[in-house]
Amino acid sequence: MKKYLSFFRIRFIAGLQYRAAAWAGIATQFAWGGMTLLMFWAFYQNGENSFPMTFPELSSYIWMQQAFLAMFMAWFFDHEIFESITSGNIAYELCRPCNIYSMWFIKNMAIRLSRMVLRCFPILLVAAFLPAPFHITLPPDWLSGVLFLVSIILGFLVLISFSMLIYISAFYMISSVGIRILATSVIEFFAGAVIPIPFFPEALQPIMYALPFASMQNTPFLIYTGHIGEIKALQSIALQLIWFIALMIAGRILIKRALKKIIVQGG
Amino acid sequence: MIELKNINKTFKVAKRNAGFSEAVKALFKKEYTYINALQDVSFSIGDGEMVGYIGPNGAGKSSTIKIMSGILTPDSGECMIDGRIPWKDRIAHVKNIGVVFGQRSQLWWDVPVIDSFELIRDIYKVENAEYKKTLSQLIELLNIGEIVKTPTRQLSLGQRMRCEIAASLLHSPKILFLDEPTIGLDAVSKIAVREFIKTINRENKTTVILTTHDMQDIEALTERILLIGKGRILLDGSLSELKTRNSTHKTLTVDYSGEKLPLSEHMTVIKNIDGHAEIIIDTVFLTVSQAISYISSKVEVKDMSVMGETVDEMVVSLYKEFEI
Numbered sequence: 001m002k003k004y005l006s007f008f009r010i011r012f013i014a015g016l017q018y019r020a021a022a023w024a025g026i027a028t029q030f031a032w033g034g035m036t037l038l039m040f041w042a043f044y045q046n047g048e049n050s051f052p053m054t055f056p057e058l059s060s061y062i063w064m065q066q067a068f069l070a071m072f073m074a075w076f077f078d079h080e081i082f083e084s085i086t087s088g089n090i091a092y093e094l095c096r097p098c099n100i101y102s103m104w105f106i107k108n109m110a111i112r113l114s115r116m117v118l119r120c121f122p123i124l125l126v127a128a129f130l131p132a133p134f135h136i137t138l139p140p141d142w143l144s145g146v147l148f149l150v151s152i153i154l155g156f157l158v159l160i161s162f163s164m165l166i167y168i169s170a171f172y173m174i175s176s177v178g179i180r181i182l183a184t185s186v187i188e189f190f191a192g193a194v195i196p197i198p199f200f201p202e203a204l205q206p207i208m209y210a211l212p213f214a215s216m217q218n219t220p221f222l223i224y225t226g227h228i229g230e231i232k233a234l235q236s237i238a239l240q241l242i243w244f245i246a247l248m249i250a251g252r253i254l255i256k257r258a259l260k261k262i263i264v265q266g267g
Numbered sequence: 001m002i003e004l005k006n007i008n009k010t011f012k013v014a015k016r017n018a019g020f021s022e023a024v025k026a027l028f029k030k031e032y033t034y035i036n037a038l039q040d041v042s043f044s045i046g047d048g049e050m051v052g053y054i055g056p057n058g059a060g061k062s063s064t065i066k067i068m069s070g071i072l073t074p075d076s077g078e079c080m081i082d083g084r085i086p087w088k089d090r091i092a093h094v095k096n097i098g099v100v101f102g103q104r105s106q107l108w109w110d111v112p113v114i115d116s117f118e119l120i121r122d123i124y125k126v127e128n129a130e131y132k133k134t135l136s137q138l139i140e141l142l143n144i145g146e147i148v149k150t151p152t153r154q155l156s157l158g159q160r161m162r163c164e165i166a167a168s169l170l171h172s173p174k175i176l177f178l179d180e181p182t183i184g185l186d187a188v189s190k191i192a193v194r195e196f197i198k199t200i201n202r203e204n205k206t207t208v209i210l211t212t213h214d215m216q217d218i219e220a221l222t223e224r225i226l227l228i229g230k231g232r233i234l235l236d237g238s239l240s241e242l243k244t245r246n247s248t249h250k251t252l253t254v255d256y257s258g259e260k261l262p263l264s265e266h267m268t269v270i271k272n273i274d275g276h277a278e279i280i281i282d283t284v285f286l287t288v289s290q291a292i293s294y295i296s297s298k299v300e301v302k303d304m305s306v307m308g309e310t311v312d313e314m315v316v317s318l319y320k321e322f323e324i
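Chains as they are written, first to last, in the numbering used here: chain Y, 1 to 267; chain U, 1 to 324.
Just chain Y, same shape as in the assembly (with noise of 0.2 Å):
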C-alpha cells in the first residue's frame, strides 16, 4: 500500500506545480459557469415552474461542477500513459512489483486531485459571495452534506475507472484518438455535464439514470443541491458502487488480457 501512496504524492506534487495553468482554468471556469447560467437565466425568466430544478439548485449545480470540473471532465487523459503504451516505456513499469492497474489510477487519482485542489477553493469562495440567485448554497441538511461526500467520491472512482477502460484500449489499437473523442462525446452528453440530467426529456431519464455516466458528476452534484432526496440519494449511490466495482473488474480482466499478448517492440 505503502508504494502506491508514494506513487499518489509524486503525481499529486508534480501536479501543483503548474501554478499559471490553475489560474488560466480558474478563469475560464468562471467565465464559463457564468455564461452557463446566465443562459440559464434567459430561459427562467420565461416561467421558473417549467423547469425540472428551481434557479438556486441549478446554481449550486453549476459552480460545484466548475469547481470540481478537474475530478470529472472526461476529455482530460494522461498523455503518458498513452505514450508509454505507444512508445514501449511500459517495459520499464512492468519491471517494478506493482499492479499496471492499480498503478495507472493512482495515478489518474494524483493528476485530477492537484488540479482540482488548486482549483476548487477560489471558485468555491467567490461563488458563494455571488448575488443571489447565482450564488452557491450549502447543502440542506447535513445529511445530504454526508450523503454528497461518500457518492463525489464514489463518482471519482467511476469515472477513472471508466477512463481506465480507454487508457487499456490503447493496447488494441495503433491510435487511440478516435475512441477517446467518442469517448470523451458520450461521456459528457450522458454524464451531465453539458446540461444537468434532470433537463433531458422524461422518457430519456431512466435510461440515462441507469448508465454508468449518470453515477459520475451527476449522482453528487444532485445530492448537494437537494435535488433528489434521501432514499433516492442512497440508491443512486448504490448505483454508483455497482458500477465502480463492475468497470474496475473489466479494466483489471482487460489489461490482464492484454498483458498477456503486449509485445514491446524495438531495441
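Bear in mind the hints are in silico, worked out from the structure with no lab data behind them.
Just so you know, even glycine gets a beta-carbon here, dropped at the ideal spot from N, CA and C.
Check each hint, because a few of them may be wrong.
Think about it this way: if two alpha-carbon atoms lie no more than 20 Å apart in a straight line, the pair counts; the simulated EDC-like pairs of lysine to aspartate or glutamate are [as the list claims (entries may be wrong)]:
1. Y:K107 to U:D122
2. U:K174 to U:D89
3. Y:K260 to U:D75
4. U:K250 to U:E313
5. U:K88 to Y:E93
6. U:K190 to U:E223
7. Y:K2 to U:E130
8. U:K302 to U:D274
9. Y:K260 to U:E78
10. U:K260 to U:E278
Using C-beta positions, here's what the derived DEER-type ranges look like [unchecked claim]:
11. Y:L211 to U:E31: 39 to 45 Å
12. Y:I242 to U:I114: 41 to 47 Å
13. U:S317 to Y:S175: 42 to 48 Å
14. U:D82 to Y:I242: 41 to 47 Å
15. U:I35 to Y:S175: 19 to 25 Å
16. Y:K261 to U:Q103: 18 to 24 Å
17. U:D82 to Y:L143: 54 to 60 Å
18. Y:A210 to U:E3: 50 to 56 Å
19. U:F28 to Y:L16: 46 to 52 Å
Some chain U residues near chain Y, calculated using beta-carbon distances under 10 Å [claimed, not checked]:
20. G70
21. K95
22. W108
Since the structure of chain Y is already known, use the hints to place chain U on it.
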C-alpha cells in the same frame, strides 16, 4: 542462476505492398508474415557472471532480455531464473532484477532525480537504512552527487544514463540486465559506466547481462560472450577463445627508408608508398617474427607496429561466417 531451454518466439507482422489499391485490399484482407524472433534459444548463466550478449540489429537480443525480465511471454520453451518463471511470477521475479533499457527512461521527467529514487525505494519496499547505504554507494561510484537534485529533464544524456543505472540498482537486485547502456554516450561517460558495472559485478556479485553494439564495452567488461543471429544462439564462449580462433591475420605498419619494400609470400599490401607500408600477414604461414626479420633484412626500419584484429572486425567476420 538463469536457465533458458529451447525458447521460441514468433512475431506476426502485417504486410502489404505499396500503392493505393494494395492499401484498399488490406482493409478487407490483411496479410501477415511470421518472423521467428527466437528459435531454440538455450543457455545458462551462473550467479555473479558477466555476459555480453551480441548480435546485429533485429537478431533477438532485446526479445531475450524481455523474456528474462518477464515482459514478454515466449511461445514455447522453458526459462527459470532463481527458481521462477519470469512471465508467470512477474511481480515476485522483478523484485530481484534490475533493468536498464538504454533507449528508454524510467526517471520521472518533471521531478528531481532524488524524488524518482525515493519513489523506487517505496515501490520496492527498501528499508530506509539499506536505501541510504546503497544510495551513497551509488552516488559515489557513479559520481552523481551533484545532479540528483536536478529535475531529469535538465540532465544531459550521460548524466541521465548514470542516474538510470543507479535507479535500477537501488533495490540491490541480484541480476542486472543492461540493454545498450552506453548508447549515445561520450567517451568519458562510457568509461565511467563501464568501470561502475565492473565494480558492482566484482563487489556485490551481481550477475550482469549486457547487450550492446559497442565492442569496446564487450572487450572492457565481459569474459563470456553469447552471439545471437537470426534468432539462434551461434556462439557461446569466452572472448579470448574467440580471439585466438579468429585472429589469423595481423597488420604490420612500417615506416622505412631506402628502396621500396619488396613483399614476400603470405603478405598482402594495403599501402606501400613513400617509405610507409601497411601489410597484412597470414599468421598461419608466416609468424610475426619471421615477417619482421624479413622486412628488416630488406629495408632500414624507422618505426614498426603490429596490430591484431579488433573485436569489431572479429564480430564482422563472425557475422559473415554465420551469414547473419
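Hint by hint, which ones does the structure fall short of? none
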